[in-house]
Amino acid sequence: MDLQAGAPKRKPLSGVGRAWRLGTVAAAAGLLVYGSAWGDDDLFPFGPMSQYSFRIDPDGEIRALWVEADLADGSHRRLDISNADDIGVARAELEGQLDRIIADPARLSELADAWARLHSDRPELRRIIVGQDVVELHDGREAGRRTDVFTSWSAVPVAGVNDVVPK
Amino acid sequence: MTGSPPPGLGERVTAWFFPLLPNSRIAVLRAAIYLFVVVDVLVMVNDVVPKASTGAAFYQPVAAARLIHLPEPHEHVVVALRAFLVLAALVAATNRLPRLLGWPIAVGHLIWVLYGMSYGKVDHDHLALLVALFVLPTVGRSHPHDHRADERAGWALRCIQLAVVCTYTLSVWAKVRYGGLDWPTGATLMWAVERRGTFLGEHLVHVPDLLVLAQWVTVLAELAAPLVFFLKGRKLGLAVGFYLSFHLITYAVISIHFLPLVVCWLSFAPLEKIGAKLPGPRVRPSIRRQPAGLGAPGHAVAISGDQAVEAVADPPERRDA
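Protein sequence lines, in the order shown, are assigned to chains A and B. Under our numbering, the letters of the first sequence match residues 1 to 167, in that order. Under our numbering, the letters of the second sequence match residues 1 to 321, in that order.
The reader is advised that the hints may include incorrect statements.
Capping the alpha-carbon separation at 30 Å, the derived lysine-lysine pairs in DSBU-like fashion look like this [to be verified]:
| # | chain 1 | residue 1 | chain 2 | residue 2 |
| --- | --- | --- | --- | --- |
| 1 | B | Lys-235 | A | Lys-9 |
| 2 | B | Lys-121 | B | Lys-51 |
| 3 | A | Lys-11 | B | Lys-232 |
Which bits of chain B does chain A cover? Going by a derived footprint, with three or more residues having C-beta under 8 Å, they are [said to hold, decoys possible]:
| # | stretch |
| --- | --- |
| 4 | 16–25 |
| 5 | 58–72 |
Worth flagging that the hints you see were computed from the coordinates, not collected in a lab. The beta carbon of each residue, even a glycine, is placed where N, CA and C say it ideally should be.
Whenever a hint applies, use it, and build me the whole structure from the sequences.
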C-alpha cells in the first residue's frame, strides 16, 4: 500500500493483533463455504444464500395459498396472510402445515380464535376456506388460471367443501 | 511505491486485509450502522416480541441458538433486550464507549436475530450487518476528525466489504445448488411477481422474456460483485450505484428490500469526507475537499477500499491509548 512516508498513522497492529484478525476471517470464510456447500438455513448466519435460489419450471405451475372467510356480519373477505397480523400466522407457516389442515380442517378454528383475539372489535369469522390460486405456465407465459379449493371449516355445521368457490 | 522492490505475496495479502484507511471513516460508519440497528430491531426484524408472546409452539431454534443453549424467548426478556439494543445503539452511534457498548450490542443483536430466524423462516440479508457489528468494537476509538491512517479501521472495513460481496457471490452458488445451472431460464421471478408482486411487478407477467433477462442480469451481477475490489473512485461509485439500483428495482417489483445489506455498502464510501464536515474540534486542514466529490488527481485521499490515505491531520490529542 502506498502510504505516504511520514503520514500520521495510528499505532500499528501487533503481530498478535494481526494474527487473530486474519484467523477470524479464515474461520468465518470456512463456515460460509461449508454452509454454502453442505449447510441449510439452520446454519444461520452461515447458511447458503438461498433466497429465490429454487427454479420454477417455465412449463410448470405457480401456486399461491389463500385463506378466505365469511364474517359474522355476512361479508366475505380474503384474509391477509402476507404477515401474521390478521390471523396470527403467515403464508409460510400455513403452507408448511397445509397437509395437516386438509387432514383435520377443524384446525382452522385456531385461525378464527386468533382473529377474535387480535381483532376483538371486528365481526368474527364464521367460516374459513383454504385454497390455492394456480397459474399454469407454458413456455414461461401464463397459459391458464384455476382455483383449487382444499378445505373449509364452519363455526356452525353447513354443507360440504365446494359449495363456495370464491372469485 | 516506485523504486522499492515489489512486495512478496504474503505481504500483499496482509496489506490487502489491513488497508490503511482513515479512522474517521469508521466514526461515520458507526453512526450509520448503529442507527440502522434501531431500524432493524424496530422495523426489519420486528416480530420477535409477538412471536415470543405466542409461546413456544412455533419456536424451532437454529443451530447457533442450540449451540449456545439460548433459552426459549420469553416476552419480558425480549422486550428488555429490545429496549437495551435501541438505547445502547443510539448512544453508540455517537462514537461513545465503542467497546463497552459495541460488544454487548453485537451479542445482543445476534441473539435478537437468532430469535427472529428461529420460527421456520430465515432472512438472508443480515450477514454483512452482523459482521459489521462484530468488527466495529475491534477498532476501538474513532473520531470524525481523526483522519490518521488506521490498520484497525482498515481491517474492519475490509471485513464488512467482504461480507457484502460474499452475500451476492454465495447466492449464485446457492442458485446452482438448489435451482441448477439453468436457474436463469426458469420462471422464478414470475413466481415471485405472481405471489408478492407490486403494482409495478404485476405488469411484468405479460413480458416473461424481460423476467428471464432480469434473471440473467441478476446472476451476472451477483457473480461480478467481487470486481468492486478492483475499482476505485468514480468507477467504484458507479458500481455501488448499480447494486443499489438493483435493490431499488427489486423492491419496486417484488417488495424485497435487503436493507441490512444495502446499509453495509457504505463501507465502500469515502465517509471521512462527511466526518470532516461535522462540527467539532477542527484541526488544521482536516481532509481535502474536492468539488467533484469522488477522486481528483494529485490528492491521495481515501476513496475506495483499496486506496491508501494520506492522512493530513494530527488530532489535538492521541486518542488511542
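Hint-by-hint comparison with the structure:
1. Taken as a hint, the B/Lys-235 and A/Lys-9 pair is honoured in the structure, with Cα atoms around 27 Å apart against an allowance of 30 Å.
2. With a C-alpha separation of about 12 Å, the suggested pairing of B/Lys-121 with B/Lys-51 holds against the 30 Å cut-off.
3. Between A/Lys-11 and B/Lys-232 the alpha-carbon distance is near 26 Å, which keeps this suggested pair within the 30 Å criterion.
4. For the stretch 16–25 of chain B, the proposed coverage by chain A is satisfied: 5 residues have a C-beta within less than 8 Å of a C-beta in that chain, meeting the threshold of three.
5. Check on the stretch 58–72 of chain B: 4 of its residues sit with their Cβ under 8 Å from a Cβ of chain A, so the three-residue criterion for coverage holds.
The earlier numbered hints are all upheld by this structure, with none contradicted.
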